[in-house]
Amino acid sequence: MQTSETTLVGNITEISGGQLVATLLTEAEGFEPVVKIGSETLSVGQLGSQLLIKHRHINILGQVLRMWEDPPEEFTTDSNRGSMTGGIARPSRKRYVRILPLGEIDQQGTFIRGVKQFPVTGAEVHLVTAKQLEVLFDRFRSENLALGRLSSRNEIEVFLDPNPLFTRHLAILGQSGAGKSWTVTSLLQKTVRVMPKAHIVMLDLHGEYGWKDDQGKMHSAFPDEIVHHVDARELEIPYWL
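For the sequence shown, full-length UniProt numbering gives the first residue as 1, with consecutive numbering after it.
Do not take every clue at face value.
Subject to a maximum C-alpha distance of 16 Å in a straight line, what follows is the list of computed EDC-like cross-link-like pairs (lysine to aspartate or glutamate) [what the hints assert, rightly or not]:
#1 K54 to D106
#2 K54 to E104
#3 K197 to D224
#4 K94 to E14
#5 K131 to E157
#6 K190 to E143
#7 K212 to D224
#8 K190 to D161
#9 K212 to D231
FRET-style restraints, in silico, Cβ to Cβ [stated by the list, open to error]:
#10 E134 to V192: 21 to 29 Å
#11 D70 to P196: 56 to 64 Å
#12 K217 to H126: 52 to 60 Å
#13 E124 to S152: 19 to 27 Å
#14 P196 to Y239: 30 to 38 Å
#15 G174 to V194: 18 to 26 Å
#16 E14 to W211: 51 to 59 Å
#17 M67 to D213: 47 to 55 Å
#18 G179 to E14: 33 to 41 Å
#19 E27 to W211: 53 to 61 Å
#20 G148 to M67: 20 to 28 Å
To be clear, the hints were calculated from the coordinates, so they are not data collected in a lab.
Remember, it's a predicted structure, so these values are computed and weren't measured experimentally.
The beta carbon of each residue, even a glycine, is placed where N, CA and C say it ideally should be.
Please model the entire structure based on the sequences and the hints provided.
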C-alpha cells in the first residue's frame, strides 16, 4: 500500500450509451490495489465504489460495476534457441473497470442526477474521498431524513429530501427474507419522526405493521399517538370507487 497525494488511477478508453470503461494505470505507471490518501485507505476498482471522471469542465460521478484484467501470456518454447519466451509480464498487464455514470457535479459542487454531456476517451479517472462524498450527500442534511449509510463507505450518512421522495413512485424490491418489510418500517418511522403531521395511508394486507395479541390489544410498529388503525372488515368503500 502506498501513500499518495494524487487520486488519479486511470483514463477512460471506451464510451457507450450508458456505461464507461476505464483502463487503470499499470504497475510501471504506479498502480497499487490499495492507496492511502491522507488518513483514508481506498481500494482501487472495488465493486460498488465511486470514481470521479474529469475532462475539462465535466465532472461525472460513477459507480464501479466490474473490474477485470488482461489474461497472463502463456509460456512458449523457442525451438531454435530451446528457451522459454513469453511470461506473465505483470508490470505491463492492463486492468479495466466498467463504470455506471450516476450524475454530474456542477461548478458549485452540487450533484445532479443524470449525465447531459459525456467525456471523451482519455478523460482522467480519480478516486473519490469520503470528504468529497460527504459534501455531495450533505445537500439534504437540513431535512434530517437520514435513510442509512453508504454501502461502500459505512462512515457516510445518506440524507434525502422527503418531498420529492414521496411525490414520485418508490419501490423497495428484494428476495424473500432480504428485509423489505424492515426497510419499509425503518423508512416510515424516520419519516414520521421528521414529518409528524404527514398523512400516510398504509394498506397492510398481512398484518406486518399492526397486529393484535392474544388479549385483543392492538400493537403497531409506529407510535400510538400518530397512528390510527382501521380493520379491513370494518372499512366501507363506496361502490362507485
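To see whether the hints hold, each was checked on the structure:
{"no.": "1", "hint": "K54 to D106", "verdict": "holds, 12 Å"}
{"no.": "2", "hint": "K54 to E104", "verdict": "holds, 10 Å"}
{"no.": "3", "hint": "K197 to D224", "verdict": "holds, 14 Å"}
{"no.": "4", "hint": "K94 to E14", "verdict": "holds, 14 Å"}
{"no.": "5", "hint": "K131 to E157", "verdict": "holds, 12 Å"}
{"no.": "6", "hint": "K190 to E143", "verdict": "holds, 11 Å"}
{"no.": "7", "hint": "K212 to D224", "verdict": "holds, 13 Å"}
{"no.": "8", "hint": "K190 to D161", "verdict": "holds, 12 Å"}
{"no.": "9", "hint": "K212 to D231", "verdict": "holds, 11 Å"}
{"no.": "10", "hint": "E134 to V192: 21 to 29 Å", "verdict": "holds, 26 Å"}
{"no.": "11", "hint": "D70 to P196: 56 to 64 Å", "verdict": "holds, 57 Å"}
{"no.": "12", "hint": "K217 to H126: 52 to 60 Å", "verdict": "holds, 58 Å"}
{"no.": "13", "hint": "E124 to S152: 19 to 27 Å", "verdict": "holds, 21 Å"}
{"no.": "14", "hint": "P196 to Y239: 30 to 38 Å", "verdict": "holds, 35 Å"}
{"no.": "15", "hint": "G174 to V194: 18 to 26 Å", "verdict": "holds, 24 Å"}
{"no.": "16", "hint": "E14 to W211: 51 to 59 Å", "verdict": "holds, 54 Å"}
{"no.": "17", "hint": "M67 to D213: 47 to 55 Å", "verdict": "holds, 51 Å"}
{"no.": "18", "hint": "G179 to E14: 33 to 41 Å", "verdict": "holds, 36 Å"}
{"no.": "19", "hint": "E27 to W211: 53 to 61 Å", "verdict": "holds, 60 Å"}
{"no.": "20", "hint": "G148 to M67: 20 to 28 Å", "verdict": "holds, 25 Å"}
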